[in-house]
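Colleague: Letter by letter, the chains look like this.
2 protein chains.
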Amino acid sequence: MPSVDNFEIRETPVRNLEDGEVLRKTVYLSLDPYIRRLLSTEESRWSPMPLNATVGGDTVSRIVASRHSDFSEGEYVLCGDGWQEYGISDGGGLNKIDPDLNPKSLAIGAMGMPGRTAYGALLDIGQPKPGETVVVSAAAGAIGSLAGQIAKIKGCRVVGIVGSDEKCQVVTKELGFDACVNYKTAKLSAALKEVCPEGIDVYYDNVAGTVLEAVLDNIRGGARIALVGLISQYNANGRPAGPNLEPLLANAATIKGYHGVPSKTLENFQHDMGKWIAEGKIKVLEHVVTGLENTPKAFIGLFTGENIGKLLVHIPD
Amino acid sequence: MPSVDNFEIRETPVRNLEDGEVLRKTVYLSLDPYIRRLLSTEESRWSPMPLNATVGGDTVSRIVASRHSDFSEGEYVLCGDGWQEYGISDGGGLNKIDPDLNPKSLAIGAMGMPGRTAYGALLDIGQPKPGETVVVSAAAGAIGSLAGQIAKIKGCRVVGIVGSDEKCQVVTKELGFDACVNYKTAKLSAALKEVCPEGIDVYYDNVAGTVLEAVLDNIRGGARIALVGLISQYNANGRPAGPNLEPLLANAATIKGYHGVPSKTLENFQHDMGKWIAEGKIKVLEHVVTGLENTPKAFIGLFTGENIGKLLVHIPD
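Residue numbers (this note's numbering), protein chains in the order written: chain A, -16 to 300; chain B, -16 to 300.
Hints were generated in silico from the structure; no laboratory data involved.
Please note: incorrect hints may appear among the correct ones.
Since the list gives no way to pick one copy over another, a pair counts as held whenever it fits inside one copy or between any two copies.
To be verified - Below, in silico cross-link-like pairs of lysine-lysine (DSSO-like), each with a Cα-Cα straight-line distance of 30 Å or less:
{"id": "1", "residue 1": "Lys247", "residue 2": "Lys170"}
{"id": "2", "residue 1": "Lys79", "residue 2": "Lys156"}
{"id": "3", "residue 1": "Lys247", "residue 2": "Lys137"}
{"id": "4", "residue 1": "Lys167", "residue 2": "Lys8"}
{"id": "5", "residue 1": "Lys258", "residue 2": "Lys170"}
{"id": "6", "residue 1": "Lys8", "residue 2": "Lys137"}
{"id": "7", "residue 1": "Lys137", "residue 2": "Lys280"}
{"id": "8", "residue 1": "Lys280", "residue 2": "Lys135"}
{"id": "9", "residue 1": "Lys79", "residue 2": "Lys176"}
{"id": "10", "residue 1": "Lys79", "residue 2": "Lys167"}
{"id": "11", "residue 1": "Lys135", "residue 2": "Lys156"}
{"id": "12", "residue 1": "Lys176", "residue 2": "Lys247"}
{"id": "13", "residue 1": "Lys176", "residue 2": "Lys87"}
{"id": "14", "residue 1": "Lys247", "residue 2": "Lys156"}
{"id": "15", "residue 1": "Lys280", "residue 2": "Lys167"}
{"id": "16", "residue 1": "Lys8", "residue 2": "Lys247"}
{"id": "17", "residue 1": "Lys176", "residue 2": "Lys112"}
{"id": "18", "residue 1": "Lys258", "residue 2": "Lys112"}
{"id": "19", "residue 1": "Lys137", "residue 2": "Lys167"}
{"id": "20", "residue 1": "Lys135", "residue 2": "Lys8"}
{"id": "21", "residue 1": "Lys264", "residue 2": "Lys280"}
{"id": "22", "residue 1": "Lys176", "residue 2": "Lys258"}
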């Protein structure tokens, strides 16, 4: 588990712009669990971030000065510069955000990576059919909260797994899930059996580990499991064991890792998600922390269950 | 691990036939690893066999007396009566074997369940493409030896995993695999990296456990893993942990359990397998033990690596 001592804030002067450059200021910084996996020297398929470098991550930024013909002061851009307040760019790595998008934070939330991941992995791997039972872990998180709501829109019965009773309330009362289980207080396998008496058809997994094992106890024939995150083990030393896979055999079930974006699945993502949010069919939950200096603490909170919804750091002017 | 003391041979008289019944005699008894899973009181998705009952299993049997109009003395039938020499049936559960099939043992081998499992799981889940690298565990076993040869026919580079150097020789020299690794003497993950430098596209898994984990270290993007057997853990107490699933994420890889027979995939099974055997493209390896009394010892040998190819008990007249 990281601690705030592992991070350090450094102030350096912002140099003057040259021709063809812009100065951007971070307005919202996205904090996502997968970043933890990169802050590690453990052998991994992901390239670790170098020590003493700026921690990476997506931001919503505003152009505050421009000597670049494509960018004007006041425009908003999506950027991957990570945990810093200002950055200079020649335009590379900046993607303009639709001026009509409101709030702009949606660009790194429901309309951005978390939304695409929720939509893409659920529809591509989960393939939920009306009437099926869909279980979502980290159901109050940025991705899980969206995946569950999309499954509801697709006509499924949706059950969340979360780590607090408060989150259970949010997931069932505000997001419209049919049921929710607090894995910290319930015997998860038995609790799932109770709320999913006919078994689980689709599991949207953000956490892996023992939660996945409890779900496997309760899958139905032909179940599809989208393995999207491994939050339960991002802070582990070495590589923890996985779940016993026997239930896959008996149920001809599938586990598939989600990595990247199958473009065909996402053809309609912007349209669908925009419409669902506009119609109120999808509620977007944001957990906003203010001030760059609070970023490390907020990031650690991702692994101790502090946030409900998308965790953002807002850096005021 | 079972021992021969766990089994007992009982002799009971064979009663006279009534009208509409046949008496069958077991000629070949099929011994398969999955039967071990049924000889257990561990909670499982499979129904355990009752204590003190006859152990189940497929047989090739000959009709030795008939008072049933559909069956004649001398005909061969496929039957699921298990570990016994004679059985009486009203015809239910008996399936006639093609009189032209030679040898008749193929009905419980390459042309029967093991063949269908090799063919069905490889083609349905593995979806091997020419030039891809396919790894097969328990590659000298009844199913693995067939799965690997089918993958060769499909134009793949095929690597076996086995438990002895003798099996390595058989798999590469007799069955035409491109390479083979002895997991008992090699450091498996590193050895696979050496023989599959570009990674593994398809894994046909009969064993699960640490072998699966070593394969996961070496999968390529989009890899497909057919989970067909769990030999490594059929004798375990409780439910052992599974492999760490992180490589699935990084590679958008799939693990799917094989259970039963997707009929579309098997449309051409009888035709294809019969042709491949006739043309010598598939070599059928059989390991024949003689005498019902040797069945328990032979069965235990499945888990200590005694057999090369399909393990059969032949009961002479």
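Colleague: Each hint should be assessed against the structure and marked as holding or not.
Modeller: So, going through the hints one by one against the coordinates:
1. Lys247 x Lys170: neither (39 Å within a copy, 40 Å between copies)
2. Lys79 x Lys156: So Lys79 and Lys156 fail the 30 Å test inside a copy (35 Å) and across (60 Å) alike.
3. Lys247 x Lys137: both (18 Å within a copy, 28 Å between copies)
4. Lys167 x Lys8: Classified as neither: same-chain Cα gap 40 Å, cross-chain 58 Å, threshold 30 Å.
5. Lys258 x Lys170: Intra 38 Å, inter 54 Å, cutoff 30 Å: neither.
6. Lys8 x Lys137: neither (39 Å within a copy, 56 Å between copies)
7. Lys137 x Lys280: neither (37 Å within a copy, 54 Å between copies)
8. Lys280 x Lys135: Neither: 33 Å inside a copy, 55 Å across copies.
9. Lys79 x Lys176: neither (47 Å within a copy, 43 Å between copies)
10. Lys79 x Lys167: neither (42 Å within a copy, 56 Å between copies)
11. Lys135 x Lys156: Within one copy, since 14 Å is at most 30 Å while 56 Å is not.
12. Lys176 x Lys247: Intra 35 Å, inter 33 Å, cutoff 30 Å: neither.
13. Lys176 x Lys87: neither (41 Å within a copy, 46 Å between copies)
14. Lys247 x Lys156: neither (33 Å within a copy, 44 Å between copies)
15. Lys280 x Lys167: within (22 Å within a copy, 47 Å between copies)
16. Lys8 x Lys247: neither (34 Å within a copy, 58 Å between copies)
17. Lys176 x Lys112: within (20 Å within a copy, 40 Å between copies)
18. Lys258 x Lys112: For Lys258 and Lys112, only the intra-copy Cα distance (21 Å) is at most 30 Å; the inter-copy one is 40 Å.
19. Lys137 x Lys167: within (29 Å within a copy, 49 Å between copies)
20. Lys135 x Lys8: So Lys135 and Lys8 fail the 30 Å test inside a copy (37 Å) and across (57 Å) alike.
21. Lys264 x Lys280: Neither: 32 Å inside a copy, 63 Å across copies.
22. Lys176 x Lys258: Neither: 35 Å inside a copy, 48 Å across copies.
In the structure shown, a violation is registered for the earlier hints numbered 1, 2, 4, 5, 6, 7, 8, 9, 10, 12, 13, 14, 16, 20, 21, 22, in ascending order.
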